Amino acid sequence: MLDIQNLSVVFGAGRLRVDAVKGVSFQVEPGASFGLVGESGSGKSTVLRAICGLAPISAGRVLVGGEEVRSPRDKAFYRTVQMVFQDPYASLHPRHTVDRTLSEPLAIHGEKNAEARILEALREVGLGPSFRFRYPHQLSGGQRQRIAIARALILRPKVLLLDEPTSALDASVQAEVLNLLDDLRVRLGLTYVLVSHDLAVVAHLCERLLVMRQGEAVEETTAVALRSGAAADAYTRALIQASQGFTRGAVAPA
Amino acid sequence: MTANLLEVEDLRVRFHLRTGIVEAVRGVSFQLGRERLGIVGESGSGKSQTGRAILGLTPPPGEVSAKRLTFDGIDLLKASRRTLRTLRGGRISMVMQDPKYSLNPVMTIGEQIIEAYQAHRKASRAEARDKTLAMLEAVKMRDPVRVFSLYPHEVSGGMGQRAMIAMMLVTDPDMLIADEPTSALDVTVQIEVLRILDELVTTRGMGLIFISHDLKLVSSFCDRVLVMYAGHVVEEIAASNLRDAQHPYTRGLLNCLPKLQDDVRPLPTLTRDPAWAL
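Keeping their order, the protein sequence lines are chains A and B. The opening position of the first sequence corresponds to residue 1 in the numbering used here, with each subsequent residue numbered one higher. The opening position of the second sequence corresponds to residue 1001 in the numbering used here, with each subsequent residue numbered one higher.
A few of these clues could be false.
Sample of chain B residues at the chain A side, in silico, Cβ under 7 Å [as the list claims (entries may be wrong)]:
{"hint": "1", "residue": "L1017"}
{"hint": "2", "residue": "I1021"}
{"hint": "3", "residue": "I1191"}
{"hint": "4", "residue": "L1254"}
{"hint": "5", "residue": "C1256"}
{"hint": "6", "residue": "P1258"}
{"hint": "7", "residue": "P1266"}
{"hint": "8", "residue": "L1267"}
{"hint": "9", "residue": "W1276"}
{"hint": "10", "residue": "L1278"}
Hints are computed from structural coordinates only; laboratory data are not their basis. Quick caveat: nothing in here was measured; it's all calculated off a predicted structure. The C-beta atom is built at its ideal place from N, Cα and C for all residues, glycine as well.
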């Protein structure tokens, strides 16, 4: 479904040149879920942004459904690929009601019977029709993220790019959103690319994953291997160890 | 005199708002000796307001009351502003969440630490400078002299937070309140910062209040944990016995995290019982 070949993203030029992503490649089959893990500055979010046209593709190719994407992306692209952002407090327009937020993509793409589609989208993410005319400030963090997911799903895309979808949420709310994402993927046959700094979240939602560091791919591995603690690269092992919590007397990772 | 550094009994923090009175903290009681105490809760549980109320940092419309709020025998509610000022940063200090917002952006890191030291100790500039450099070394800065003259925007998040810890510990406080000190940091950096904090707290024999939303992290770091929900302490438990937690909220919080070791699907979610908030 997605084929990323030698993707590089460069910002600025000359002295200000930053190589945010350096030759990263991975493939995602239809219906699969792929994770990108790394710390801040590893370029994991930039990969997602480059796929959906929010960051330039400086070198390499991005293929969606076997076709190379064009810049700027056309409407058909956004019918196939949609993105959910990290912070639901920042990604929803504060002065637009849920109804207006959800009807905008429908209007852009000239979709009919908006009302039925909006109600259906709300139902899919586990919110009732009573949420339709609320403003974001009248919703909790978890409800906002559900609206952001509903907005991404309303055009019936095949690929969902998830950029840290639960890191701004409380632990108990995170569990609800992860369950929803898991359930939606099975029900709607979606393909996910999930970016997260939390190994446990990635291992929960994805089958395969890529560990990134400073713009480079460190290691591609599977969730199963991660669970058993098998990792070829020292950095991946350090990440696994760090995710186990604080231990006294253990050696600090280099 | 008791050995307790801090005694809190029936602490309440109220906010009088247009929409009515919101009680953010509703009757919290605990004692702190020279130990590590964790306060855990989700957003809105009142954990940060508890920490702020102790230092008298409750934002304006807020109102703090308590049957007892003493630090080493000093009544913090009746103390004069002058006394509070000498205590804050001197004998009690606080590390905040994000070094990007809590460091002064237009002063070098070294100057800020010198300022903090000279505000509480009568010391010459040279002495303060030596103390600052020693402190920067204590928080494992590779090149203290270089970091001394850097501005906050020139250092990474982990280094900024270590500078913050250096600043808070330079006056040798008796008690440190750390409010989500590592939440803005990467996981591997987080462990490194915690290790430094742990070492300093242990060697100096300070009391530490560690406020965080991360139950797993707190339980691996602290001796005792208070779990807060809707302004109450719902459970107090020794960190080593966390697995035997009794309260359904604590158990729910522990279970709803995805774990690397085993695959539970769907994740157990937390069913909130309105009775917990009573």
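Hint check results:
1. L1017: Result: violated, 15 Å to nearest chain A Cβ.
2. I1021: violated (21 Å)
3. I1191: Interface hint status for I1191(B): holds (5 Å vs cutoff 7 Å).
4. L1254: Violated - the Cβ of L1254(B) stays beyond 7 Å from chain A, reaching only about 9 Å at its closest.
5. C1256: OK, holds: C1256(B) within 7 Å of chain A, min 4 Å.
6. P1258: Holds. Min distance 4 Å.
7. P1266: With a minimum Cβ separation of about 4 Å from chain A (threshold 7 Å), the hint on P1266(B) holds.
8. L1267: holds (4 Å)
9. W1276: violated (12 Å)
10. L1278: violated (19 Å)
The structure does not agree with the numbered hints 1, 2, 4, 9 and 10 stated previously, though it agrees with the rest.
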